[in-house]
Every structure is written in C-alpha cells, then in structure tokens.
Amino acid sequence: MDRGPSVSDEDDDLETLEEGLPANRRTIEWNPKKDRFLLAICISGQMSNHLICLEKHMFMAALLGRTLVVPSQKVDYQYDRVLDINHINDCIGRKVVITYEEFVEKRKKVIIDQFICYAASPPCFLDEDHIKKLKGLGISLGKIEAAWPEDAKLKEPKKRFVGDIAPKFSTEAEVLAIGDMFYADVEDEWLNQPGGPLAHKCKTLIQPSRLILLTSQRFVQTFLGGNYIALHFRRHGFLKFCNVKKESCFFPIPQAAECILRIVEKANAPVIYLSTDAAESETNLLQSLVVFNDRQVPLVERPEHDSSEKWDALLHRNHMGGDTQVDAMLDKTICALSNVFIGSSGSTFTEDIFRLRRGWGSASHCDEYLCQGELPNYIAELD
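Take the sequence shown: its position 350, counted from the start at 1, is 1549 in this note's numbering, and no numbers get skipped.
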C-alpha cells in the first residue's frame, strides 16, 4: 500500500505538510549492472540502526550500479518479516534488491571478491564474531581493506560526498562488501530529504510489510480512531545516554507530562498512543499527570495478544505474532499513522518514524521531540 494516511487538517496549526515529493528533489537512478552485487552488512545497534544502515547501502548500490543483497537472517534480522522488499523493486521499476536466499540460488558458491571498508576503524565495524558468522554461511572473504585508512586516526567519521566515494568503490569485482554503514557520514542532506535520494515512483521506499501495515490500521480502527497523538517515550538505558550529551534529553516525568499537555491542547486529540520501554511505575505516574480540562487523556499501549480481539489476527495467522521485531515495527507504523507525533530526541527509532511520516505525507507542523527546546529541570551528576 503506497497511499499515505489521511490526517484531519481542521486546525490550521495541525495541517499535514504538503503531500507528494518535492519537484526539485535530488535523485539518482538505480540501474544495476548484470552480475554485480553489493552484500549489505549491518551490525551496530538494534533494528532501527540496521534500517538506516540498509538505506545507506541502497544509496551506495545505486551509486555503484549494483544489486543490493539483503543480509541472511542467520547473521542479521529477518528483514522480509518486517519490510516490504517487493515494494522497493516495484517502486524503482526493476529488480534492485534481492534476499540472501535468492542470491545463493544465483551464485551457488558465495565469495566476497572485494571487501572495501567504508569505516576504517575498526575495519568495516566487523568483529571476530561477525566474521565467524559470515564464514559459517559458507561465504569466502577476500582481503579486508579500508577505503580511507587515514580515517583510523579520527575520532569522528569524516563527511564524504559522491565525488569522494565513487572512485574508491568502483570496481569490476562481481561481489562487493563495504561493511556497516550506520555511522557513515555520507550525503546526509541528500539521504534525509522526503522520499530519499533514489529516483522512484512511490512516497517512500523502505516501509513496513503489508501485513504489518494492515494490522496497524486495524489497531487504529479498534483503539484510537481518526484523531490521536503518538508518543515514543524512550526510557530504558536513556538516562545515562542522555546525561553524557551536551544537552540532556532525559526528562523527569512531571516535566514530560507538561510538555505532552501542550501538544494535547494544540491537537485537541482525545487519546495518546504510547510506544515505550518505560517501567510501569513511570507510565503510571505519567498517566496520572496527563490531565486536560479535568479529564484524563488515556495513554494507550498495545495489549498482549488476546484471541477474542481480531485486530492482530492477520499476524497470528501468518505465524508472525510474538516476534519482537514485528512488534517494534507495529509500534513504528502506528506512530507513523498518527495525526501528531512526539518523539524522543537521540533515538533512531524516533528518527525512522519521522522518515516514514515525511514519506507518507502524514507529518504535521505540530510534530516535535518531547520537550523540544527545553533542558531537564533536574539533571543527576555523572557517575
């Protein structure tokens, strides 16, 4: 489904950003050469990080005229459970992405002919464990070399442009690998524009599988309705992560509640969808404080599976129920379909929701990070 969600624009402040991709969008055509492949390798962090890594690999594959091979589930996530791979190919208008299984059928014996690392230190962000997993798949690895060995001395990755990249990675090797791309600083403005950097006929290329999209819509119809705010409230492990930053992004619950209420007042929404890893003690306190016009605004979380409820029947019929990555993508999709979205600054999960909203045309002028422009009113000392 490539149709963005319809969002009410009764309030001028809440109108969705203009739908459709900008006419002046900067794009590159993706025309893979025959028998030239780029094998994606994504290691850093959780699924949201891996999706960013995959998106950068897609850009590199287009730049180098190669077909992108999605990693095997034996060394990475099972992408085809959460992403619509066929959608990518349909949008581009040709076969540009294949699963690892399709790749093996074509190649029989898998050899990475050239391993040119985008990241110099550690080379390709590969550790011994991941190299062992790749070899366990029967993949023969060539010599691992860095495109820019001098970068190993730098604390931050150097910003690269197409003019720097193409000469370093242009090769006649049939199978190329470039390692983890999550931290790669490559044409960020180009990559982050609505619709992304690749020429295609859809609103966004990387989007949830149809089963997840339909299940999310059914959840919205069952619990939330056509006017709701979504809140991604990241807490687990975030206290320490935020406090070492120049400006902490971990807010006390009462302050967070005040910030949420300001959005509730603007949005005039009766309910909030809560996507969170917070403890119940925190969400209970938050719920008790989110009161507008003497009425508690319900914080709705996705419930555990109940066979008497039918909103998630499709997932269970297709043996996808209870999968943590499917659940995470459900949360993302429900947030992306909302009228207004409040995210957690510093979270790649939040950034992926913003990306979907930009692509689907569901972004609102009221979208923002929680307590955007504020500092926590109390910050603990570092240990």
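Worth double-checking, as some hints may not be accurate.
To be verified - The calculated EDC-like cross-link candidates involving lysine to aspartate or glutamate, where the alpha carbons are at most 20 Å apart (straight line), are:
#	residue 1	residue 2
1	Lys1367	Asp1312
2	Lys1331	Asp1350
3	Lys1308	Asp1363
4	Lys1342	Glu1355
5	Lys1444	Glu1573
6	Lys1334	Asp1275
7	Lys1332	Glu1371
8	Lys1273	Glu1304
9	Lys1273	Asp1326
Derived from the structure by calculation, the hints contain no laboratory data. Model, not experiment: these values are computed from the prediction.
Do the hints match the structure? See the list:
1. Lys1367 to Asp1312: Distance ~15 Å between Lys1367 and Asp1312 Cα, so the pair holds.
2. Lys1331 to Asp1350: Given that 20 Å is the threshold and the Cα spacing comes to 25 Å, the pair is violated.
3. Lys1308 to Asp1363: violated, 32 Å
4. Lys1342 to Glu1355: violated, 25 Å
5. Lys1444 to Glu1573: holds, 14 Å
6. Lys1334 to Asp1275: holds, 14 Å
7. Lys1332 to Glu1371: Judged against 20 Å, a Cα distance of about 26 Å means the pair is violated.
8. Lys1273 to Glu1304: OK: Lys1273 and Glu1304 at ~16 Å, within 20 Å.
9. Lys1273 to Asp1326: Holds: Lys1273 and Asp1326 sit about 16 Å apart, inside 20 Å.
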